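Undergrad: Protein chains in written order, with UniProt numbering: chain A, 1 to 366; chain B, 1 to 366; chain C, 1 to 327; chain D, 1 to 327.
Derived by calculation from the structure, the hints in this document are not laboratory data. Check the hints yourself; a few may be wrong.
Derived lysine-lysine pairs resembling DSS-like cross-links, with alpha carbons at most 30 Å apart [to be verified]:
hint: 1; chain 1: D; residue 1: K287; chain 2: C; residue 2: K287
hint: 2; chain 1: C; residue 1: K23; chain 2: C; residue 2: K4
hint: 3; chain 1: A; residue 1: K92; chain 2: A; residue 2: K346
hint: 4; chain 1: B; residue 1: K346; chain 2: B; residue 2: K356
hint: 5; chain 1: B; residue 1: K294; chain 2: B; residue 2: K319
hint: 6; chain 1: B; residue 1: K254; chain 2: C; residue 2: K46
hint: 7; chain 1: B; residue 1: K356; chain 2: D; residue 2: K254
hint: 8; chain 1: A; residue 1: K91; chain 2: D; residue 2: K287
hint: 9; chain 1: B; residue 1: K319; chain 2: B; residue 2: K331
hint: 10; chain 1: D; residue 1: K4; chain 2: A; residue 2: K92
hint: 11; chain 1: D; residue 1: K23; chain 2: A; residue 2: K91
hint: 12; chain 1: C; residue 1: K314; chain 2: A; residue 2: K331
hint: 13; chain 1: A; residue 1: K286; chain 2: C; residue 2: K314
hint: 14; chain 1: D; residue 1: K4; chain 2: D; residue 2: K46
hint: 15; chain 1: A; residue 1: K49; chain 2: A; residue 2: K331
hint: 16; chain 1: B; residue 1: K92; chain 2: C; residue 2: K287
hint: 17; chain 1: D; residue 1: K23; chain 2: A; residue 2: K254
Because the structure is a prediction, the values reported are computed rather than measured.
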Amino acid sequence: MPTTLDGGGLFRVHESDIPFVCYLDANGQPTQPLPGWAEEGSLLVDYYKAMVKAREADRKAIAMQRTGVMGTYPSCLGQEAPGVVYGKQLKKEDVLVPYYRDLPGQLLRGVELSDIYLYWGGDERGSAGPGYGQDFPNCVPIATQAGHAVGVASAFRIRDEHRVALTTCGDGATSKGDFLEALNLAGVWQLPVVFLVVNNQWAISVPRPIQCGAPTLAQKGAGAGLPCVQVDGNDVIALHEVIGSAIERARQGKGSVVIEAITYRLGDHTTADDATRYRDSEEVRKAWSEEPVKRLQTYLHNRGLWSPEQEQAYLEQVKLEIQQAVEIYQKTPLPQVDDLFDYHYKDLPAGLRRQKEEMQGGLGHE
Amino acid sequence: MPTTLDGGGLFRVHESDIPFVCYLDANGQPTQPLPGWAEEGSLLVDYYKAMVKAREADRKAIAMQRTGVMGTYPSCLGQEAPGVVYGKQLKKEDVLVPYYRDLPGQLLRGVELSDIYLYWGGDERGSAGPGYGQDFPNCVPIATQAGHAVGVASAFRIRDEHRVALTTCGDGATSKGDFLEALNLAGVWQLPVVFLVVNNQWAISVPRPIQCGAPTLAQKGAGAGLPCVQVDGNDVIALHEVIGSAIERARQGKGSVVIEAITYRLGDHTTADDATRYRDSEEVRKAWSEEPVKRLQTYLHNRGLWSPEQEQAYLEQVKLEIQQAVEIYQKTPLPQVDDLFDYHYKDLPAGLRRQKEEMQGGLGHE
Amino acid sequence: MSDKKTLVEAVNTALDHAMADDKDVVLLGEDIGANGGVFRATQDLKSKYGLKRVMDTPLAETLIAGMTVGMAAQGLKPVAEIQFMGFIFACMEQLVTHAARMRNRTRGRLSCPMVLRAPFGGGIHAPEHHSESTEALLAHIPGLRVVIPSSPVRAYGLLRSAIDSPDPVIFLEPKRIYRVQKQTLPETGSRLPLDTCFTLREGSDVTLVTWGACVRECQEACNTLAEQGVSVELIDVATIKPLDMETILASTRKTGRCVIVHEAARSFGVGAEIAARIFEDLFFELKAPVKRVAGYDITMPYYRMEEHYIPDHKRIVIAIHDCLTEP
Amino acid sequence: MSDKKTLVEAVNTALDHAMADDKDVVLLGEDIGANGGVFRATQDLKSKYGLKRVMDTPLAETLIAGMTVGMAAQGLKPVAEIQFMGFIFACMEQLVTHAARMRNRTRGRLSCPMVLRAPFGGGIHAPEHHSESTEALLAHIPGLRVVIPSSPVRAYGLLRSAIDSPDPVIFLEPKRIYRVQKQTLPETGSRLPLDTCFTLREGSDVTLVTWGACVRECQEACNTLAEQGVSVELIDVATIKPLDMETILASTRKTGRCVIVHEAARSFGVGAEIAARIFEDLFFELKAPVKRVAGYDITMPYYRMEEHYIPDHKRIVIAIHDCLTEP
Ligand SMILES: Cc1ncc(C[n+]2csc(CCOP(=O)(O)OP(=O)(O)O)c2C)c(N)n1
Ligand SMILES: Cc1ncc(C[n+]2csc(CCOP(=O)(O)OP(=O)(O)O)c2C)c(N)n1
Ligand SMILES: [Mg+2]
Ligand SMILES: [Mg+2]
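Working from the sequences, and respecting the hints, build out all of it.
TA: What follows is the structure, given as structure tokens:
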């Protein structure tokens with residue numbers, strides 16, 4: 001029988017010294033002195049406006065799904081904050097490798113809202129718009145985008161470009177090998193890539209504690225030798241500090257960081273889901289008291305940086321913009337048969353050409 | 001511009017507090033008081049004998065490959081210690097889920113050496129012998145065995161059995177998602193599984209630092225919430241303490257542990273490899289001065305627990321045993337065509353029956 | 001009638017009955033517990049059998065496949081769910097190198113009595129990557145069984161047999177018809193064989209071979225053709241691997257003509273093997289070349305256009321007429 | 001002659017020339033750096049082009065595939081090596097859901113000009129899981145190209161074209177013939193088309209269709225048959241996907257007979273599609289049914305028995321005689 005080193009504490013769980021960053025509490029009160037830029041306020045107003053717009057656009061998408069104008073849609077309600085921050089902090093030449101709940105960030109990156117609607121409307125052309133630049137399209141197969149992000153970052157390094165790749169994923173995604181393999185590479189190669197885990201506490205019906213036994217998800221970076229940090233994912237000031245510095249650090253060639261933004265999925269997983277089947281309404285009620293938009297609004301009101309009148313005017317403007325996007329989306333004609341065939345290879349192979357003609361014949365437009 | 005929290009040390013790499021356990025230094029001198037069982041000595045002699053036997057069996061396999069009697073073979077030279085320890089510490093009813101360099105452990109588990117030779121001789125029946133019990137066969141697709149191990153451990157838990165699964169892998173394997181996904185599950189489900197990473201510093205030509213940016217491989221457990229520990233992989237006393245306690249801990253329902261055993265691959269990756277292409281002979285020379293067999297031999301000699309005469313007699317006995325295994329291996333006739341067909345399904349489907357007859361016809365034995 | 005069940009309810013019932021009969025039957029997958037699966041295939045089973053037997057896993061398909069192999073090697077009868085077939089690709093290494101080979105590489109010492117269930121195919125306006133039908137990839141792998149039900153009754157009987165099977169079964173559920181039809185299930189515990197095709201309709205002019213959701217469009221086509229005086233023999237392959245060619249050959253020998261319908265891309269699809277086998281074995285008896293009606297060799301279009309991809313009643317009827325008028 | 005090269009040397013030369021011509025060509029994989037690849041396909045390239053362009057990756061095939069997609073989307077031309085085809089299955093999710101679809105799902109906004117190389121097939125007495133030939137799995141996926149050379153000259157020209165290709169190419173190298181034949185390579189930089197089969201030998205009695213290492217046994221068979229007065233037309237498919245049926249059909253139309261040879265398991269293999277297509281298109285012109293000589297529907301046996309699995313010269317000759325004597 002071996003001596004029980006265990007009793008001696010050999011097998012203690014690795015001590016977690018992961019920092020947690022927060023500036024504004026759930027009531028919009030500062031918990032510590034704010035950074036200068038936040039005191040100044042104008043960027044905070046921008047963040048606020050971007051969140052409000054995202055939330056309206058999201059609400060519209062759900063409404064369209066309910067009325068049969070759009071298919072299954074995954075709402076970003078409650079987790080708008082990380083997106084508006086990276087959306088503003090990334091440079092145009094950087095590359096976003098998103099998951100599928102990144103509407104707030106994508107809008108700031110320049111993606112047309114009508115394209116986002118078109119995508120969820122079941123049309124590949126929604127991933128084609130010029131607004132995406134070199135950004136990746138939404139990624140549905142969980143965590144697979146992490147591999148792309150380290151590939152993009154490798155390309156930057158190979159070409160000596162001072163660009164950064166930022167990739168997002170959910171809490172559930174951190175269990176999938178793709179994510180972990182990518183962290184490991186970023187650690188060995190010191191790649192200019194930022195991993196942003198948007199921990200909204202649920203992966204469909206699976207709650208965070210059932211997803212991983214570690215106290216933080218950020219510490220998945222430890223095994224890859226990466227710095228890891230938790231941040232209040234409903235606090236744009238904290239997010240700005242953490243994401244902004246991580247991007248800068250990566251740009252300066254200092255390598256990769258894993259950020260876990262703690263937030264909450266206020267809505268159902270998608271419009272096809274019914275979260276009341278598996279989670280407590282009490283939990284959701286509590287989460288509503290911590291959500292990012294109200295929190296920042298309170299702070300801005302308190303500081304006199306934003307007024308109900310401004311809110312009113314802005315909301316009207318946003319609704320107009322959204323209505324325009326809806327119209328563009330709804331007026332987009334069905335794709336041609338060419339669209340379905342012509343993008344599998346740069347040049348259409350002979351066999352596919354014949355099949356295309358066959359399909360065109362069948363649809364009656366030769 | 002965000003405040004540079006970085007300057008403030010936000011993005012420090014997670015502090016590593018991974019313990020490293022060692023009792024005997026490279027010269028066979030105790031570095032700290034030994035546990036009682038080691039003072040007593042008889043188990044140490046058993047470990048020693050098992051390592052010597054494994055090394056001889058390994059040498060023979062290489063010799064057979066060189067003379068064309070066996071195919072590609074991966075030597076375990078230099079990393080015999082972890083295997084003899086888990087081989088003795090696991091109970092028969094436990095399940096070993098090995099990788100492909102586990103000859104030392106497999107012999108102690110009861111696998112016939114002739115079966116091990118038969119396996120590397122290119123014959124599936126080498127994985128069939130009753131000596132394997134419920135243990136898994138060698139696993140060649142790197143890290144895939146980790147998933148099996150957590151499955152086996154889950155079965156134990158479901159059936160309320162006090163059994164343990166132990167799975168081994170190399171340093172390279174820790175980069176593969178399969179390994180990391182399995183750790184994560186073991187962490188959430190608190191499974192009775194021990195992960196033993198045999199870090200022999202090389203994954204074919206890829207050295208440990210190019211495999212992972214973290215200071216230890218053990219800390220990959222951190223992201224899964226598992227205790228992690230490093231151990232001198234050439235020191236059977238330390239290995240006994242760590243592996244033995246981990247197995248016991250798991251058996252008691254306290255969950256899983258990640259153990260990184262630091263050792264060295266003294267030989268080529270396999271007989272098909274030529275390590276001089278990519279590694280320094282100086283490094284190998286140094287590693288020879290730290291290898292496990294000599295180290296324990298020195299200690300046993302110093303303590304008067306083992307003599308040159310005993311060594312001589314034991315070696316002769318071992319060589320005889322190995323020769324017998326070689327003969328059994330070499331006399332094993334080729335498999336029948338039935339063997340190739342009959343184990344794809346419990347009952348041979350009609351289509352396969354026809355193909356089998358066709359092959360039998362072709363081989364001229366209807 | 002309340003005791004009639006949809007296909008997905010039949011799956012649920014089969015799982016329920018199998019779990020009741022044999023405590024070694026355990027379920028694992030993403031969202032199969034409290035949520036009952038995103039299609040409700042495992043609804044109520046967690047509350048009935050407890051969390052030791054109905055296990056919500058972390059989000060990791062490779063892990064799901066790997067641990068299922070481990071459980072099966074220990075003699076459990078695990079039934080894993082992959083939420084959509086579009087996410088089955090991460091299981092391929094485990095399926096090909098382990099599940100399919102465990103028995104063979106240990107010459108029967110260990111085996112792999114597992115079932116991997118996945119909803120598959122298009123037609124429900126699902127998000128990207130949720131409409132795959134790549135059964136051909138699995139059918140090529142020696143050691144696997146690939147089974148596809150096309151009705152509630154067959155879902156029940158085939159799934160019971162799949163769970164009984166001492167070898168790994170990939171059980172693909174055509175989600176397009178998860179809820180389109182209700183049937184009274186057969187007697188509790190009744191099984192359907194995993195080594196035969198089902199002849200759904202006898203006929204004399206042409207043999208129509210299909211599986212899964214396409215059975216529906218084929219049945220429609222049979223009705224249309226019957227009105228036109230064409231007698232079609234309709235075969236539901238059901239078990240794609242190992243393939244029961246006897247039934248298909250016997251029917252085609254009788255009719256002299258055959259049309260194969262599937263949703264997956266045409267090239268290198270399951271239809272190719274069936275067509276090749278018919279041609280090889282009945283070359284001198286065929287009255288016309290075998291025809292394939294299948295998906296085009298393109299990625300299943302995202303949902304606005306998916307209906308134009310999936311073989312419909314019209315394409316099937318035309319193909320059968322073509323086949324009948326040849327030579 | 002010293003400037004003659006083996007197939008694996010031709011691969012090395014093609015990589016070398018492509019890297020010299022275009023700095024966007026980068027290599028990644030396991031052991032491809034100092035070690036030059038376990039088969040030496042990347043020998044000396046790291047010292048020549050530096051570690052930024054010849055990257056030893058951690059041991060993670062899913063990652064390799066994923067990062068290659070990422071690099072390619074950024075406009076590099078990455079050539080990744082998977083050490084053996086037996087380990088390609090972990091790449092399937094990335095290949096199917098991303099590499100093959102990137103251009104289509106972004107309607108050309110992003111693309112995926114990558115090459116994934118892997119040695120494949122049996123016959124070298126390799127360890128378990130090192131002898132797979134599952135090209136059919138990849139051939140079924142719209143958006144991929146699957147290319148297989150069968151000689152040093154074709155390895156050079158096809159690999160150069162694969163690297164040029166604006167779309168993903170799976171380049172499978174038959175390791176059994178890595179070193180059996182030396183050829184003088186064509187002019188530096190010459191390409192071979194990725195959309196045509198190669199007619200290696202003209203003949204009039206029967207068309208013999210194959211690819212990869214089996215070309216060798218087929219050539220032997222052609223010689224034997226020539227002595228027996230049988231004139232065989234030998235076609236090396238080379239690009240499996242997209243498939244150039246024109247060449248195969250034209251030849252079979254001429255000879256009226258066709259035999260297909262491949263190493264992979266017969267059922268649901270590439271041969272099924274080729275056979276089905278010939279039958280469909282030439283039904284009324286064929287003099288005899290198309291025959292397939294292929295691996296059995298079993299896991300490639302571990303090496304003691306592998307030679308009994310791989311189609312040999314004898315089985316090919318018999319099949320051709322059978323084909324010639326029918327009806
Ligand atoms: C590989 C893969 N497996 C399963 C799914 C089905 N699925 C879609 S979202 C989801 C949960 C994701 O949870 P999380 O990563 O936390 O992101 P969230 O949706 O909560 O933002 C699952 C299982 C998928 N899309 N991809
Ligand atoms: C999935 C997979 N990829 C690649 C290989 C080829 N290969 C065999 S051993 C090896 C290195 C393994 O290194 P490590 O895990 O450190 O174990 P070691 O051989 O050093 O004991 C590689 C790349 C494989 N067998 N499986
Ligand atoms: Mg989540
Ligand atoms: Mg190693």
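Undergrad: Could you work out which earlier hints the structure fails to respect and list their numbers in ascending sequence?
TA: 7, 8, 10, 13 and 16
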